[in-house]
Amino acid sequence: MTAGSSSSRSSRRFAPEAGSLEVLLAAFRLSDHPTVLLSPDGAVLGANPAALAAGGLEADDVIGTPFLDAGWWSGDARALVGQLLEAAGGGAPARATVSTTGRGGTSFLDLSIVPVRDAGGAVELLIAEGRDVTAAVHAERALRFSEAKFAGMVAISADAIISIDDAQRIIHFNRGAERIFGWTERQALGQPLEILLPERFRAMHAEHVRRFATSPIAARQMGERQEISGLRRTGEEFPAEASISKIEVDGRRVFTVVLRDITARKHADRAQAFLARAGGVLASSLDYETTLRAVTRLSVPELADWCVFYTLEKDGTIRRLQLAHADPARDELLQTLRGQPLDRGRPHPVFDAVDGHRPAIIPDISDTTLNTMARDRSQLEMFRELGMRSALVVPLFARAELTGAMGFFSAVPHRFDQDDVILAQDLALRAALAVDNARLYAEAHNALRARDDILAVVSHDLGNPLSAIRIGTSLLLRSLPRGERERGGWRHLESIRQSAAQMERLINDLIEVKRIEAGQLVLVRSALGVASIVAQALELFGALAADRDIDLESRVEAGVGAVLADRDRTLQILSNLIGNAVKFTPPRGRVVLSAARTDGEVLISVADTGPGIPAEHLPHVFDRFWQADRERRQGIGLGLAIAKAIVHAHGGRIWVETTLGKGTTFSFTLPAAPVVDPP
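Okay, so the sequence shown: first residue is 314 according to the numbering used here, each after it adds one.
Honestly, I wouldn't trust all of these hints.
Label pairs and their computed distance ranges (CB to CB) [said to hold, decoys possible]: (1) V725 <-> H961: 56 to 62 Å; (2) G855 <-> W968: 24 to 30 Å; (3) S808 <-> S839: 35 to 41 Å; (4) V837 <-> P932: 31 to 37 Å; (5) G855 <-> H961: 26 to 32 Å; (6) L588 <-> V835: 21 to 27 Å.
Just so you know, the hints here were simulated from the structure itself, not pulled from any lab data. Bear in mind the structure is a predicted one, so any value in this text is a computation, not a measurement. By construction, the Cβ of each residue, glycine as well, lies at the ideal position given by its N, Cα and C atoms.
From just these sequences and the hints, can you work out the full model?
Here it is in structure tokens:
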């Protein structure tokens, strides 16, 4: 059969003299390497113990069997072994690494098949010898896998990975380096490393690498003392972070630099710092004009050469409200545009931003575009002098309402990129809120000023006539003829007098609230006997309570002592609380004024048997101008608010407890006056 074919058992064995065969068998029987004797046609004539052990076979299993079918080879190895047999059978030694199967699983042999010739030169015997190279094959495969994995990681890394030799010439340049620096690998290999560095840093960097080469340190961070910069092929510099390492390869020193472009991070850091600074500036004032100036000044020159704040008016007009230029000389020229409306008949990026509710960019403003934007020849010349080659406009929203836009302009074409758009939007959001808050504050301030003016008119121009009415009615009541008094005419005069007195109290309450808001509440503190002040308050309301058929009681604990308080203000608190209690307590009800001493304080309570206060109203009872029953208003809802302010001014507390259908208790504390021991 031909070498490498699968035939049936050979009918003949090796035929040399018996003595020669014994010598051959003895030679390979003791060998540690698997050795098999084959006939020229590839049949097994003999196998040493190492060969049989490698396949987990017995001699009778393989003698006479074709070498390919003897059970040593895996399926993938049969073709390769067949090629070796064919070459050796033709008289040429053959060798290859093949896989085998045995009891220990798959292993690898360095298999060589050598032909043995007879005296006539014909091949009479083949000797197949294998050396176990399993460990070496596995090691080589692991090395190749590791190298492939490393090469893959290096290739796809977003960072630049660059290797240089002792002469600082580039010997490796990955795809990350190509993307960052703009050079292809073919262009960079063999070039000096300095092509990747700004010229001012080249000599210093070369010296750093030479010193690192002789140092015992294997790796270190570059730019530990200062930021490092890279140089793109276009000539653009960029900030970077880098580390360098060194290794010896076959007696050659190789340096590897891993470099990261941190342009985006630096931009983000600057943007965050800018926005933080902007937040501080915008929060520094609530004055409307000051805030407008701050908004426009913030953007130059950080974001643009000049900036315009546009306002959208109710009729749809867009007007330049505030402007700022980075160049003081041009800023004066720019201010001539302040207050001017934009012409809807001419194209402008502001209209695109406002109408589309999204940022608008003109990357390169040509002279033709500039001409269509300008109102006339003089404005065209002004735009040219100001420098308008690129524009970015972002809309302004406050409380979900479009209020205007911010325009950023530069004398450089293509000045604004997507990062600038994001930054401008963040600034616009803060600016819109700040301007809106300033506007609301101005409106509130104007409203308060108008209210104060009205209060001044009320207190002065109405106070005097009301006093005259009250005094006049009192005089008329005292001089009323007996007959008229008996007919009940006095009731009309008394009603007029009480109405005038009530109006005076309302005016006084309004004035009091204004005084409290202005921080002008003055307290004249002295030691007040609690029992006497309670008695005085009850006396003020005794007649009113009796007229309404309400019991008015006092429960002052013995030894309650005195409070350190303002007499008139304390009476004002009690009057407001007792007045409310009498007002809301039905006939045959009861109002109890009690006082007790606690640790350093005196607790005073006014309890009634009225209808109580619904739970949903409790959070508002001390609010100004608030009343639970707005359909039956009695006053303007300031009494409890004033009482609360006076109590707090004394350093005390005030609160309410209520049960529907059973009544309400208002309680407050005042500081107790120190007890002075008698001499």
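Now for the hints, and whether the structure bears them out:
| no. | hint | in the structure |
| --- | --- | --- |
| 1 | V725 <-> H961: 56 to 62 Å | holds (60 Å) |
| 2 | G855 <-> W968: 24 to 30 Å | holds (27 Å) |
| 3 | S808 <-> S839: 35 to 41 Å | holds (38 Å) |
| 4 | V837 <-> P932: 31 to 37 Å | holds (33 Å) |
| 5 | G855 <-> H961: 26 to 32 Å | holds (29 Å) |
| 6 | L588 <-> V835: 21 to 27 Å | violated (45 Å) |
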